[in-house]
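Once you have looked at the hints, place chain S on chain G.
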Amino acid sequence: MKELLEICGFDEREVRAELPRIERAFRRMEIERGDVETAKLRLRRYFELELRSVRMMLKIYLREMVRLALGREEKDKVVYSQLPNFAGELLAAAMAENDDLCAGLADMVMLLVYGGVFQKMDGAYEAGERCALAPESAHCSCNQAKLGLLILGALPRPDLLVSWGIYCDEAWKTDEFIESYLGIPVVCVSRIQDTNWEEEVTERDVRYYAEQMRRGSVKIGEVAGREISDAALWESLLENKEYMETLVEISQLSIGADPVPLSLNTRLWAFLLCVLPIGPEGKEEKLNMIRTLLDETRRRIDRGEGFYEKGAPRVALGVMPPVAEPAFDYLLRDAGLSVPVFETMWWTPDADLMPQLDPQEADPYRLMASMLLRVTIVASASMRIAALQEAVKRFDLDGYLGLPHWSCRPFMGDALMMRDAARKMGVPSTVIEADVFDYRRYTIEQQRTRVESFADLCKVAKMKKRGPQKKAGC
Amino acid sequence: VIELMQRPLALKSMKADGVKVIGYTAGDYVPTEIIYAAGAAPICLIHGGDRYSVDLAHSVTTRYLCPFSRAQIGNRLSKDQAYYDMLDMAIVGITCQHMKKVADILNYYGDMEVFRLGVGDHDLDIGFSYYLDALKRMKLKLESVTGSLITDEKLRDAIAIYNRLRELLKNIGLTRKTSPVLIGTKDFIRLNHASYLLDPKVMVRELECIYRRMLQGTGTLPDSKPRLMLISPVVALGDSKILDLVEEAGGEIVVEDVCEGVRSYWQNVELNADGPLHSIAEKYLRRRTPCAFMRRGSSARVDHALRLVKEFKVEGIIWYQVKMCETYDIEYVYFGERAKEWKVPVLRLESEYDVVDRGPLKTRIESFLEMVQRRKRG
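If you read the sequences in order, they're chains G and S.
For the first sequence, position 386 (counting from the first letter as 1) is numbered 386 according to this note's numbering, and the numbering increases by one without interruption.
For the second sequence, position 320 (counting from the first letter as 1) is numbered 320 according to this note's numbering, and the numbering increases by one without interruption.
Note that these hints are calculated values from the structure, not bench results.
Glycine included, C-beta positions come from ideal geometry on N, C-alpha and C.
Take the hints with a grain of salt, since some may be wrong.
[Claimed, not checked] Over the 12 Å line for every Cβ pair with chain G, so calculated as not near, a few chain S residues: (1) R156; (2) E167; (3) Y211; (4) N268; (5) T289; (6) V309; (7) E311.
[Said to hold, decoys possible] Straight-line Cα separation of at most 20 Å, EDC-like style, residue types lysine to aspartate or glutamate; simulated pairs: (8) G:K219 to S:D123; (9) S:K141 to G:E203; (10) S:K139 to G:E199; (11) S:K154 to S:E282; (12) G:K40 to G:D11; (13) S:K15 to S:D88; (14) G:K219 to S:E282; (15) S:K139 to G:E198; (16) G:K462 to G:D396; (17) G:K75 to G:E222; (18) S:K141 to G:E199; (19) G:K120 to G:E37; (20) G:K219 to G:D230; (21) S:K136 to G:E198; (22) S:K141 to G:E200; (23) G:K424 to S:D111; (24) G:K40 to G:E3; (25) S:K343 to S:D257; (26) S:K362 to S:E248; (27) S:K141 to G:E198; (28) G:K310 to G:E296; (29) S:K136 to G:E445; (30) S:K136 to G:E199.
With the rest of the complex left out, here is chain G (with noise of 0.2 Å):
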């Protein structure tokens, strides 16, 4: 335990101090020495340990699982948000305000950590699909995976169920589902996706999302005991841009440089960071971090290093990089691929890095949702299309590999006009189905042919794209 610890950044007083509360956490959620070996083995094979930066970050996570574990123990109320939520601010605001508060995106974390890294969530997509979500329906294994967890008892029950309904039905569905089966008091945040094809984010979905949003707001503030005001909820969106921008200034220089520096896992874990709340404590870490991430990332650029083979094909990824399951990054290595960015990270419809917005706005519920109706996955599929093909051009990508998670309606929906539109803009493109959140479907040797297959195209495009080579000595 002391050794994943130590490879998780913790030093020897913090090893001291912590201990006995981690060990209590796992105890709950049934961790044991096999799982601890699980997990450093994961994190020596497909993390850049060598990254002071990946360590603390590992570290943050795994409070942060921790947190959430024992929040029923250590504070009076228990708040939960989920996926496709991207709003942390708002229950970060909630626990600024609230110290008898833990809440988080509880979902989130132990995709990422309980089974990313210690592969402990069989037993919760099992007990989710027995109970409701049978899997010859094609439900979203992240919904398995939360209503699983709650079963089996591995989190804590909340309080409160924050519940998205603005991108897929599965998810508010299932929240629904948990409130009449498990008891727990669910709030939905809602959207209507009526967009039309021509149309950008519209104010009538910015009015929309906002007020759906101060709703879910006022309800978190009635079972926390404390409302939201706007000022906390300001000063989480501040903090949290300091962040945002110094990720944006590594994305950039990721996508400049030749060798593309970090690998995806890396990017995707401090990617998410940005939209987790995490505890009060962790705050300033959380900002430490970002900021050796980015001086980390300047020396390797500086040494010419790089996680991927320089001068090997600029693939984007859509929509994201499995979050249960790092090997995927290490298939797109050896098959000779490079991927400078992937979809989430650019926002829609100029494949910005940052999102275009009104710096004049006064409320911080309509500066949250024109913010994220312009996340890819959530905007409009012509607003989605339409910054794919800026990002071919803008980040001269050789390719676009769909990778989309299969029992997603949205995502399955416009996967094949998203091929279809990165090859308008004349770079290969192919969907290859994938679990984002279970890595039990789909492994990586499935995908093995597929990937190499396309990393040929892309290889193959590449070289047209540069024109015809002088042969030495000719």
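Frame of chain G; chain S shown alone:
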């Protein structure tokens, strides 16, 4: 039947005279009154059940949309389906993700304007305002497409016609409360499908005639058959497999709770002081049983189902869902539990509009009906 056979030709000639043909998605969230008041011909996108249109859609989308949605895409792409081929515009109610993707794919690959009608939360004031605003935008859009102003007077006339249509369907449906039933479910659903395609005035005339004749009749179906209820997200025009199998096995569906394919005829538009559009929004969003895609709609749906079970003396429930419909699939779990409390057996069936599942479905339906019959005999 004759009216239906002649409808495509009639529409073609109307189109030649400048009348616009407006397609709209099923589910009764797109008020046809507004389309009709614009002087256009409303045509519901209700065809499905065949494998051909589903397979055709696979060139542009994946198998993870429900077969009914895929059929809508395939029907438009095929150019073989007369109604779909003559559309000037489609109005897509933003109900479930599947319908939203139909709109996106028709936009991306199609050659037709698509208007998305946002459906707000049924139980929130902001949801109602949103829906009302969406109806206003839909009205403006229709005015620009048809070149015809939609006045309050035209809307009131359209409301009167559709109210009568719904009332007649309801009256016809209600005759099945007692045995022997005067009309079988297949015919009743056919009437609903016809009402989505024919001119409402013609449909009202036909329904008046049918209803009159029904009241004079004595019933043609024996009363020993098990009385069943059908719950389904969609029964498409062309998807009669389950209905055929139930009929063949000796069952009688006496009432339906179907989101897409049977009209929401239980309530009518009641004109209020806020104007016809407001009245329409009230009926279509608030004064109805919400479909499974609607947030916080499950308990209202379950209560509605229970009421029908009691009123129609239902002895068994056929829960028929299409593959990949995640909302009905999740909802079934607690619906099944509630049905156990009511002591009504439920048979869950699923279809991908495939011919190969006919055999297994037949066996399951026969076994279920045998069990219901045995319970009936005590």
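For each hint, the structure was consulted:
Interface exclusion of R156 of chain S from chain G stands, the closest Cβ pair being 27 Å apart, more than 12 Å. Once the 12 Å rule is applied to beta carbons, E167 of chain S is consistent with being away from chain G; the minimum gap is 31 Å. The beta carbon of Y211 of chain S sits about 37 Å from the closest Cβ of chain G, which is more than 12 Å, so the claim that it is off the interface holds. Residue placement check: N268 of chain S keeps its beta carbon more than 12 Å from all beta carbons of chain G (closest about 26 Å).
Every CB of chain G lies more than 12 Å from the CB of T289 of chain S, the least distance being 16 Å, so the non-interface label holds. No Cβ of chain G approaches the Cβ of V309 of chain S within 12 Å, the least distance being about 19 Å, so the stated non-interface status holds. At roughly 25 Å from the closest C-beta of chain G, the C-beta of E311 of chain S stays outside 12 Å, upholding its exclusion from the interface. This hinted pair checks out: K219 of chain G and D123 of chain S have alpha carbons roughly 16 Å apart, not beyond 20 Å.
With a C-alpha separation of about 18 Å, the suggested pairing of K141 of chain S with E203 of chain G holds against the 20 Å cut-off. With a CA separation close to 18 Å, the supplied pair K139 of chain S and E199 of chain G stays within the 20 Å bound. Only pairs whose Cα atoms come within 20 Å are accepted, and K154 of chain S paired with E282 of chain S is accepted, the gap being roughly 18 Å. Of the supplied pair hints, the one linking K40 of chain G and D11 of chain G holds, its CA atoms being roughly 16 Å apart against a limit of 20 Å.
For the hint linking K15 of chain S to D88 of chain S, the alpha-carbon distance of about 9 Å falls within 20 Å, and the restraint holds. Restraint check for K219 of chain G and E282 of chain S: not satisfied, since their Cα atoms lie roughly 27 Å apart, outside the 20 Å limit. Only pairs whose Cα atoms come within 20 Å are accepted, and K139 of chain S paired with E198 of chain G is accepted, the gap being roughly 18 Å. Only pairs whose Cα atoms come within 20 Å are accepted, and K462 of chain G paired with D396 of chain G is accepted, the gap being roughly 10 Å.
The suggested pairing of K75 of chain G with E222 of chain G holds, with an alpha-carbon distance near 16 Å, which does not exceed 20 Å. Between K141 of chain S and E199 of chain G the CA atoms are separated by roughly 14 Å; this keeps the pair inside 20 Å, and the hint holds. For the proposed pair K120 of chain G and E37 of chain G, the alpha carbon gap of about 12 Å is at most 20 Å, so the pair holds. Taking the CA atoms of K219 of chain G and D230 of chain G, the gap is about 15 Å. The hint holds against a cut of 20 Å.
Straight-line distance between C-alpha atoms of K136 of chain S and E198 of chain G comes to about 19 Å, which keeps the hinted pair within the 20 Å bound. Restraint check for K141 of chain S and E200 of chain G: satisfied, since their Cα atoms lie roughly 18 Å apart, inside the 20 Å limit. As the CA atoms of K424 of chain G and D111 of chain S are separated by approximately 18 Å, the hinted pair is consistent with the 20 Å bound. Annotation: proposed proximity of K40 of chain G to E3 of chain G holds, straight-line Cα distance about 8 Å (limit 20 Å).
A threshold of 20 Å between alpha carbons decides the hint, and for K343 of chain S with D257 of chain S the separation of about 19 Å falls inside it, so the pair holds. Note on K362 of chain S and E248 of chain S: the hinted pairing holds, with a Cα-Cα distance of about 9 Å set against a maximum of 20 Å. Of the pairs offered as hints, the one joining K141 of chain S and E198 of chain G holds, with about 14 Å between alpha carbons and a cut-off of 20 Å not exceeded. With a C-alpha separation of about 18 Å, the suggested pair K310 of chain G and E296 of chain G falls inside the 20 Å cut-off, and the hint holds.
Using a Cα cut-off of 20 Å, the hinted pair K136 of chain S and E445 of chain G is violated, with the two alpha carbons roughly 54 Å apart. A threshold of 20 Å between alpha carbons decides the hint, and for K136 of chain S with E199 of chain G the separation of about 17 Å falls inside it, so the pair holds.
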